[in-house]
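A.B. asks: Following the hints, complete the assembly by docking chain H onto the known chain U.
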Amino acid sequence: MSETMNALQKKAEAMLTADHCLSCTSCMSSCPVMEASKEYRGPKLVGPAHNRMRFSQEDVEESLDFCSNCKSCDRACPSGVEVSTLNMLHRAEYYRTHPHSQRDDMLAHGERMAKRVRMLPFGATFANLGMKIGKCFGIFGSMGIAGERDMPAYASSSFLSMFKGISQKPSEKKVVFYPGCFINENDPEVGVAFVKVMQKNGYEVLVDEKFNCCGSPLVVTGYLDEALEHAHNNVARILEWKKKGIPVVACCTSCSLMLKKEYGELFDEEEMKEAATNVYDAFEFLAMLEEEGKLNTEFKSLSQSLLYHVPCHLKSQGFGTPAARILGKIPGVKVELADAGCCGMSGNYGFKQDKYEISMKIGEELFGRIKTANADKVISDCGTCRLQIQHGGHVEPCHPIEILEKAY
Amino acid sequence: MKHSDTIVIGSGLAGLMAAYTSVRQGKTVTLLTTGSGSLSLNSGVIDVLGFDGNHEFVASPKEGIKSLPEDHPYKKIGMDMLEKAVDEFLAFTKEYGFPYHGSLEKQIMVPTAVGTMKPTCLAPQSLDGAAFEGKSKVVIVGISGLKDFYGDIIQENIRPLLGENLSYEVVMVDAGLEGGRDVTTLDAARWLDQDKGMAALVNALKPHASGNAVFLLPQILGTSGESVAIALREKLGAEVIETTCLPPSVNGLRLQKMFHQALMKLGVDIIEDTKVLRAVTKGSKCTAVVAQAAAREKTYEADKFILATGGFYSGGITMREFEKPREMIFDLPVWFVPGEENWSNEQLFSDKPQGFAKTGIRTDESLRPVDDSGKVVFDNVYVIGRNLGGYDFCFEHSGNGVALASAYKAVMM
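Chains as they are written, first to last, in this note's numbering: chain U, 381 to 788; chain H, 308 to 720.
Hints may contain errors.
What the hints assert, rightly or not - Result set (EDC-like, lysine to aspartate or glutamate): computed pairs, CA atoms no more than 20 Å apart in a straight line: (1) U:K418 to H:D500; (2) U:K786 to U:E670; (3) H:K503 to U:E737; (4) H:K454 to U:E419.
To be verified - A few chain U residues that don't get close to chain H, going by computed Cβ distances all over 12 Å: (5) V440; (6) Y474; (7) H480; (8) D485; (9) K544; (10) D588; (11) E589; (12) K640; (13) D661; (14) K695; (15) E716; (16) H771.
Quick caveat, the hints were computed from the structure, so don't treat them as lab data.
For clarity, every value in this text was computed on a predicted model and none was experimentally measured.
We put the CB at the ideal spot given by N, CA and C, even for glycine.
Extracted from the complex, chain U is given alone in its bound form (with noise of 0.2 Å):
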């Protein structure tokens, strides 16, 4: 048995809960990859039975490739097994004796290839037309990323550099943004609206440069020693935050799930648990508002329905959808549940050639659902979630805090 998962056996919380497994089979019942593909062979067999396995030998589960962390097994658990973290403590087990492909080396690093763009003149301009020339000739299909969908375009400019742009109103109430490499430099805007919201709130927004990217595309393409070199990083620095009393806020849900929830479980450093409290979501910090009465709820009115896709990162947080509530509030809003499971996107596993059918097969309810809904809108806390949104269900989606931004 390697070093490595000697010491992983040694540290993961995570592997400790497979022995809670019961094999009931609830988390079958909610797969939603099973649902899509006969090839996986469920996270009940990949993740806590593989795992009794391995301490007898060295084994390789071939359909652990299928599994999207999306974590619906893990919700569906009755017993507390964490299913899909065993899933990628394996993963990155299996990639420590094979390499990795291109395309996943690209997949999971898009943090490193964005700060190349930045540096040059015209960057994100000439390498998003990189990316369209390179989409017409099929280069990203022979790297084995879906050909049929857009890559991410990198805005004009980065919500960091947006940023220094933006004069506040000081405050003595702070809480720093944590923008996630998706809002930094695909979606700014939502940074931008989550500044402006909190702004109304009375409090001033920081942003801490040395934050880096929350390393969830590595976990789940199997670069776990990398994602533990972010997890210090940001651990550091969440802590240095908390030292001061300043709460770190994300827009970013896969982002917040990582840095609340699942360094804990992949590495088990007590250091985790407690950077971990002093991270929040944007609605789960606005609801915590609402509760003491000091939600600044002076809207003007919207007329708009809104569907409400809530991204299945939101939902492993445990405390409910609170952005439905608190839009709901907006004077003309209306807000409808989409309530059709995951939308198969799952971070970077739906731009993957050979799961881009199993994403779309699972996105299939919620399409429909945007279809027969015939919402003004279409709003999900999820950047990957979004994109999802717009190549199957061909509306614009927007991030449910923008909406709150409009209501101010």
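C.D. replies: Same frame as chain U, but now just chain H:
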């Protein structure tokens, strides 16, 4: 803090029924749940009382309940509430498009995956063994690769029950599900959700169909409602019956899906993936519960709390030390059968009850928890479903009946 009229903890049948009934009464309801609830592991048919204390078959649940001991949950619930709960449930299933039928007067006999017939009180049409009546041919339909459904075993067991004057045959259908993982009933049901799956099944079964034939299938007739069962019956021009099966239970999932749709539509705030840790109390009142979310605890206030955490079987009650059971949220007094020798009988599948199975919380007539002296512990906490002490649902076949009726009564109190 978030305040609701009623908080329901747990999303098995008892919790879902309590949330549904409560929101229908005009209450604001928050449902707190960890895990997906037990319905995917549950046949989803409503057993009210199949066997009495001597394990004698009960022909009429309504009559059978009369002879139950005074400390049985049904005696606290009362016949009036049980009847109203059944009415409410039947109306709900009708309104949301997957009607159950049956009554407290007599049992429905449901075929099982080993070819026995089990009594239940309420069931959807597709599971009702009454469809065997007056038929002369039973066609047992197996799906290639499907686990835990073996035509020959079923035939061997069901022949003596239905009679040798009927003819029997076993037909295997290839659903194209083999070659990957183990095939479950859920896979086959999803296959039949699609038109091409339905067409393939009709094709395979049509040569065996006639007006006096009954097709006996595993629980695969679609993942929601009864539309697949109706369509198949029409296309074959013959009766179709499903058996109960091992989990994942397709019929339990159908019922769960229908409840979920209703709760969403009626505006129940469902907070999933959050384990309720403890209660905040003030004297004999509970004011809030504290639940674990990612990285932090959240507090939920309410006027009324309904505890549906599944008792011994689902972690609502645990016993880490022998004879020291604990209810995990309110630390309610838990009743149990004392004495190691009375704890269990050695033969797990015998026709004797299991002492441990009766472990649970004792309540007053309103289903509020009481201590040893019969004094109510909390005025606004109600205990339902498998948390209730004093009955062995496996032995009696009374699990879902107690769940429904106790949920209904707790809401009405």
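A.B. asks: Now tell me, hint by hint, if it's right for this structure.
C.D. replies: Status of each hint after checking the structure:
no., hint, in the structure
1, U:K418 to H:D500, "holds (16 Å)"
2, U:K786 to U:E670, "holds (18 Å)"
3, H:K503 to U:E737, "holds (19 Å)"
4, H:K454 to U:E419, "holds (17 Å)"
5, V440, "holds (16 Å)"
6, Y474, "holds (19 Å)"
7, H480, "holds (25 Å)"
8, D485, "holds (29 Å)"
9, K544, "holds (30 Å)"
10, D588, "holds (19 Å)"
11, E589, "holds (24 Å)"
12, K640, "violated (4 Å)"
13, D661, "violated (9 Å)"
14, K695, "violated (6 Å)"
15, E716, "violated (9 Å)"
16, H771, "holds (23 Å)"
Of the numbered hints stated above, those contradicted by the structure are hints 12, 13, 14 and 15, listed in ascending order.
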